[in-house]
Amino acid sequence: MLAEIYTQEIEAILAKYPSDQKRSAVMPLLFLAQREYGTLTNEAISEVGELIGLQSTEVASLVGFYTLYHDRPGGKYRIQVCTDLPCSLRGAQAFADELCEKLDIRMGETTPDGQVTVEEVKCLAACDHAPMFQLQEPNGIHYYEDQSAGSAMALIEALRVKGQVD
Amino acid sequence: MTEHIVLRHRDLEGLDQLDVYLENGGFGALESIVKKKSPEQVIDIVKKSGLRGRGGAGFPTGVKWSFLSPDVFPRYVVANADESEPGTFKDREIMERNPFQFLEGVAICAYAAQANVAYIYCRGEFWDLTRELDSKIEQLKELGLLGKKLFASDYSLEMQTHLGAGAYICGEETALLESLEGKLGQPRLRPPFPAAEGLYGKPTVVNNVETLTNLPPIINRGADWFSSIGTEKSTGTKVFSVSGKVERPGNYELPLGATFRELIFERAGGIPNGHAIKAILPAGASAPILPATKEVLDTGMDYESVSQVGSSLGSASIIVIDETVDIAWVESKITDFFEHESCGKCTPCRDGTYWMKHIFERIMHDTAQPQEIDLLHTVGIGIQGKCLCALGDFAGLAVTSALERFGPEFDLHAVGNSSKAA
Numbered sequence: 001m002l003a004e005i006y007t008q009e010i011e012a013i014l015a016k017y018p019s020d021q022k023r024s025a026v027m028p029l030l031f032l033a034q035r036e037y038g039t040l041t042n043e044a045i046s047e048v049g050e051l052i053g054l055q056s057t058e059v060a061s062l063v064g065f066y067t068l069y070h071d072r073p074g075g076k077y078r079i080q081v082c083t084d085l086p087c088s089l090r091g092a093q094a095f096a097d098e099l100c101e102k103l104d105i106r107m108g109e110t111t112p113d114g115q116v117t118v119e120e121v122k123c124l125a126a127c128d129h130a131p132m133f134q135l136q137e138p139n140g141i142h143y144y145e146d147q148s149a150g151s152a153m154a155l156i157e158a159l160r161v162k163g164q165v166d
Numbered sequence: 167m168t169e170h171i172v173l174r175h176r177d178l179e180g181l182d183q184l185d186v187y188l189e190n191g192g193f194g195a196l197e198s199i200v201k202k203k204s205p206e207q208v209i210d211i212v213k214k215s216g217l218r219g220r221g222g223a224g225f226p227t228g229v230k231w232s233f234l235s236p237d238v239f240p241r242y243v244v245a246n247a248d249e250s251e252p253g254t255f256k257d258r259e260i261m262e263r264n265p266f267q268f269l270e271g272v273a274i275c276a277y278a279a280q281a282n283v284a285y286i287y288c289r290g291e292f293w294d295l296t297r298e299l300d301s302k303i304e305q306l307k308e309l310g311l312l313g314k315k316l317f318a319s320d321y322s323l324e325m326q327t328h329l330g331a332g333a334y335i336c337g338e339e340t341a342l343l344e345s346l347e348g349k350l351g352q353p354r355l356r357p358p359f360p361a362a363e364g365l366y367g368k369p370t371v372v373n374n375v376e377t378l379t380n381l382p383p384i385i386n387r388g389a390d391w392f393s394s395i396g397t398e399k400s401t402g403t404k405v406f407s408v409s410g411k412v413e414r415p416g417n418y419e420l421p422l423g424a425t426f427r428e429l430i431f432e433r434a435g436g437i438p439n440g441h442a443i444k445a446i447l448p449a450g451a452s453a454p455i456l457p458a459t460k461e462v463l464d465t466g467m468d469y470e471s472v473s474q475v476g477s478s479l480g481s482a483s484i485i486v487i488d489e490t491v492d493i494a495w496v497e498s499k500i501t502d503f504f505e506h507e508s509c510g511k512c513t514p515c516r517d518g519t520y521w522m523k524h525i526f527e528r529i530m531h532d533t534a535q536p537q538e539i540d541l542l543h544t545v546g547i548g549i550q551g552k553c554l555c556a557l558g559d560f561a562g563l564a565v566t567s568a569l570e571r572f573g574p575e576f577d578l579h580a581v582g583n584s585s586k587a588a
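Here the protein sequences come in this chain order: L and U. If you're matching positions, the first sequence starts at 1 in our numbering and goes up one per residue. If you're matching positions, the second sequence starts at 167 in our numbering and goes up one per residue.
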């Protein structure tokens with residue numbers, strides 16, 4: 001249970017907001033639950049709701065609304081390639097296609113070992129360093145800019161090794 | 167102009183380190199106002215400087231502050247760091263490289279608004295950056311530059327970061343406040359404006375990162391100095407984000423009123439591979455597309471001049487399109503973006519962007535009937551002016567302006583067009 005494992009972290013999150021506005025903590029708590037469980041299952045969602053006195057359906061609607069929460073399983077590592085207009089003007093689509101080809105998956109799919117999902121996302125505010133992607137992993141989100149399929153594959157290989165050890 | 171005001175880290179190495187920032191006058195502006203000026207006096211300085219909101223709307227900052235409901239407390243300040251407009255990447259550079267000037271700006275705004283708590287709402291993708299800001303805020307607390315009784319006054323200020331989780335709409339200030347309250351990021355009906363009823367129903371100022379970062383130099387060097395830069399009505403500098411078909415994409419800080427030609431051809435190195443420029447999106451996805459005529463290229467990039475040539479400056483994210491790029495494809499990408507980011511609250515935007523997306527799919531597969539291109543225009547018009555926030559307007563306007571200015575490029579995709587042409 002989150003309340004037992006992350007007692008202090010949850011207290012620190014709640015302390016950011018007025019004591020009568022616990023609902024504000026729902027988004028950081030969802031990130032915490034996602035870190036712990038990987039996927040925001042119905043159980044995880046109701047657990048977050050209980051922490052702040054919110055109905056599960058209300059928490060679930062947030063999970064559906066915001067793109068960085070995942071209620072369906074995917075790879076442990078999500079490679080999220082920006083293919084929006086400015087990045088596409090600088091080769092992002094070709095990069096995304098080549099990456100999927102090298103991984104032998106289609107866009108949105110997960111590699112057979114369950115480690116890596118490749119997804120298309122909207123603008124990440126890094127248009128001057130396209131092609132670029134963000135890596136969403138259990139512990140956070142990191143940017144990788146000025147990428148090629150080769151550099152992305154090198155990262156993925158390192159992640160696969162790390163993913164098997166963790 | 168060679169000096170950077172907002173991107174000052176480009177002139178001073180290591181400015182992201184607190185000791186370097188303090189050695190170079192950091193937090194002197196906050197100290198001077200907390201010790202010597204009333205909140206009203208600070209608001210007057212900012213009003214007199216002519217500073218306008220850098221997030222897109224260009225509303226005068228000091229005037230926005232002066233709308234706070236009198237005598238209602240607590241009040242809040244929220245820094246809008248939900249930078250998500252396609253083509254905009256200035257706030258990220260500011261917060262990564264010049265973070266203390268930004269944080270001092272937040273504190274100045276909070277003092278002027280008489281707020282004791284300030285939130286920094288960062289888009290969720292800025293995860294690493296937000297962790298960095300957290301540690302910078304801790305450093306400031308340790309030195310007593312944030313916390314209780316600042317500079318031995320009665321003024322106290324606490325600062326907190328809050329991570330979004332992937333939603334463009336949260337850059338709209340009332341949607342941002344909803345999100346910060348733990349709700350769906352959907353815009354509120356206005357009035358009441360946030361200055362009257364904002365976060366938790368209390369008077370709130372929401373300002374963009376770049377706007378806030380301008381405050382320390384305005385306090386240090388005065389309103390007259392600031393208003394001497396730029397044009398009469400668009401004062402100061404602007405960080406222009408340039409992307410797309412240019413040799414050197416990136417951020418360039420220039421006085422407001424510098425021309426598109428200077429930015430694109432002198433600073434950003436012009437168009438690669440000897441191609442000709444065709445069009446400019448002056449505000450990312452959120453303003454009408456401009457044909458890159460001589461007149462447009464010689465237009466000053468200030469709020470008034472850009473609207474005179476039929477678009478708007480917005481957040482000044484200049485996406486450059488060259489002759490190799492199909493405008494119908496450009497608009498299909500923009501429509502995809504808005505369809506994905508529509509929050510779903512207002513029917514014209516939710517359904518209109520969906521319809522436009524599907525018409526674009528047929529256009530890009532060359533299977534659209536000619537009358538469907540007219541239908542696209544009708545839908546684009548139908549969305550505008552009928553939604554709670556500007557997202558619907560922008561989505562419609564992007565498409566209708568492109569159809570009006572680059573119609574033949576769309577017609578080329580219609581069924582039967584090639585046989586007609588032959």
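Because the hints were derived from the structure by calculation, they are not lab data. Do not take every clue at face value.
As the list claims (entries may be wrong) - Here are the simulated DSS-like pairs of lysine-lysine, each with C-alpha atoms no more than 25 Å apart in a straight line: (1) U:Lys202 - U:Lys349; (2) U:Lys523 - L:Lys16; (3) U:Lys368 - U:Lys511; (4) U:Lys201 - U:Lys349; (5) L:Lys16 - U:Lys552; (6) L:Lys16 - U:Lys315; (7) L:Lys22 - U:Lys201; (8) U:Lys349 - L:Lys16; (9) U:Lys202 - U:Lys213; (10) U:Lys314 - L:Lys16; (11) U:Lys307 - U:Lys202; (12) U:Lys511 - U:Lys349; (13) U:Lys399 - U:Lys460; (14) U:Lys314 - U:Lys202; (15) U:Lys552 - U:Lys523; (16) U:Lys214 - U:Lys349; (17) U:Lys314 - U:Lys368; (18) U:Lys499 - U:Lys511; (19) U:Lys203 - U:Lys213; (20) U:Lys314 - L:Lys22; (21) U:Lys511 - U:Lys460; (22) U:Lys203 - U:Lys315; (23) U:Lys499 - U:Lys552; (24) L:Lys22 - U:Lys349.
Said to hold, decoys possible - Some, not all, of what chain U presents toward chain L, calculated at C-beta under 7 Å: (25) Glu249; (26) Phe255; (27) Glu291; (28) Gly332; (29) Ala333; (30) Gly367; (31) Lys368; (32) Ser394; (33) Ile395; (34) Ser409; (35) Gly410; (36) Gly436; (37) Ile493; (38) Lys499; (39) His506.
Ideal placement from N, C-alpha and C gives every residue a C-beta, glycine not left out.
Hints, one by one, checked against the model:
Restraint check for U:Lys202 and U:Lys349: not satisfied, since their Cα atoms lie roughly 40 Å apart, outside the 25 Å limit. A distance of roughly 40 Å separates the Cα atoms of U:Lys523 and L:Lys16; the hinted pair therefore is violated under the 25 Å criterion. Only pairs whose Cα atoms come within 25 Å are accepted, and U:Lys368 paired with U:Lys511 is accepted, the gap being roughly 24 Å. Taking the CA atoms of U:Lys201 and U:Lys349, the gap is about 38 Å. The hint is violated against a cut of 25 Å.
Of the supplied pair hints, the one linking L:Lys16 and U:Lys552 is violated, its CA atoms being roughly 37 Å apart against a limit of 25 Å. Of the pairs offered as hints, the one joining L:Lys16 and U:Lys315 holds, with about 19 Å between alpha carbons and a cut-off of 25 Å not exceeded. The hinted pair formed by L:Lys22 and U:Lys201 fails the criterion: a straight-line CA distance of about 35 Å is larger than 25 Å. Taken as a hint, the U:Lys349 and L:Lys16 pair is honoured in the structure, with Cα atoms around 16 Å apart against an allowance of 25 Å.
Of the pairs offered as hints, the one joining U:Lys202 and U:Lys213 holds, with about 18 Å between alpha carbons and a cut-off of 25 Å not exceeded. A C-alpha spacing of about 16 Å is found between U:Lys314 and L:Lys16, which places the hinted pair at or below 25 Å, so the restraint holds. As the CA atoms of U:Lys307 and U:Lys202 are separated by approximately 22 Å, the hinted pair is consistent with the 25 Å bound. About 13 Å separates the Cα atoms of U:Lys511 and U:Lys349, which keeps this hinted pair within 25 Å; it holds.
With a C-alpha separation of about 24 Å, the suggested pair U:Lys399 and U:Lys460 falls inside the 25 Å cut-off, and the hint holds. Straight-line distance between C-alpha atoms of U:Lys314 and U:Lys202 comes to about 18 Å, which keeps the hinted pair within the 25 Å bound. For the suggested pair U:Lys552 and U:Lys523, the alpha carbons sit about 19 Å apart, so the restraint of at most 25 Å is met. Pair hint U:Lys214 plus U:Lys349 does not hold up; C-alpha atoms about 37 Å apart against a cutoff of 25 Å.
Of the pairs offered as hints, the one joining U:Lys314 and U:Lys368 holds, with about 21 Å between alpha carbons and a cut-off of 25 Å not exceeded. With a CA separation close to 22 Å, the supplied pair U:Lys499 and U:Lys511 stays within the 25 Å bound. Using a Cα cut-off of 25 Å, the hinted pair U:Lys203 and U:Lys213 holds, with the two alpha carbons roughly 15 Å apart. A C-alpha spacing of about 23 Å is found between U:Lys314 and L:Lys22, which places the hinted pair at or below 25 Å, so the restraint holds.
At most 25 Å may separate the alpha-carbon atoms for a hinted pair to count; U:Lys511 and U:Lys460 exceed this at roughly 41 Å. A C-alpha spacing of about 15 Å is found between U:Lys203 and U:Lys315, which places the hinted pair at or below 25 Å, so the restraint holds. Taken as a hint, the U:Lys499 and U:Lys552 pair is honoured in the structure, with Cα atoms around 23 Å apart against an allowance of 25 Å. Pair hint L:Lys22 plus U:Lys349 holds up; C-alpha atoms about 12 Å apart against a cutoff of 25 Å.
Because the beta carbon of U:Glu249 sits about 5 Å from the nearest beta carbon in chain L, less than 7 Å, this interface hint is met. Interface hint at U:Phe255: satisfied, since its Cβ lies 4 Å from the closest Cβ of chain L, which is below the 7 Å cut-off. With a least beta-carbon distance of about 6 Å to chain L, the hint placing U:Glu291 at the interface is held under the 7 Å criterion. With 7 Å as the threshold, the beta carbon of U:Gly332 comes within range of chain L, its nearest partner Cβ sitting at about 3 Å, so the hint holds.
With a least beta-carbon distance of about 5 Å to chain L, the hint placing U:Ala333 at the interface is held under the 7 Å criterion. Hint on U:Gly367 is violated. Least Cβ distance to chain L is approximately 10 Å, over the 7 Å limit. Interface restraint check for U:Lys368: the shortest CB-CB distance to chain L comes to about 10 Å, outside 7 Å, so the restraint is violated. The closest approach between the C-beta of U:Ser394 and any C-beta of chain L is roughly 30 Å, which is over the 7 Å cut-off, so the hint fails.
Hint status for U:Ile395 relative to chain L: violated, with the closest Cβ pair at about 24 Å, above 7 Å. Given the 7 Å rule on beta carbons, the hint for U:Ser409 holds: about 4 Å separates it from the nearest Cβ of chain L. Residue-level restraint check for U:Gly410 holds (minimum Cβ-Cβ distance to chain L is 4 Å; threshold 7 Å). Interface hint status for U:Gly436: violated, as the beta-carbon distance to the closest one in chain L is roughly 15 Å, over 7 Å.
Annotation: U:Ile493 was flagged as interfacial toward chain L, and the flag is violated, the nearest CB pair being 12 Å apart, outside 7 Å. With 7 Å as the threshold, the beta carbon of U:Lys499 comes within range of chain L, its nearest partner Cβ sitting at about 4 Å, so the hint holds. The restraint placing U:His506 at the interface with chain L holds, with a minimum CB-CB distance near 6 Å, inside the 7 Å limit.
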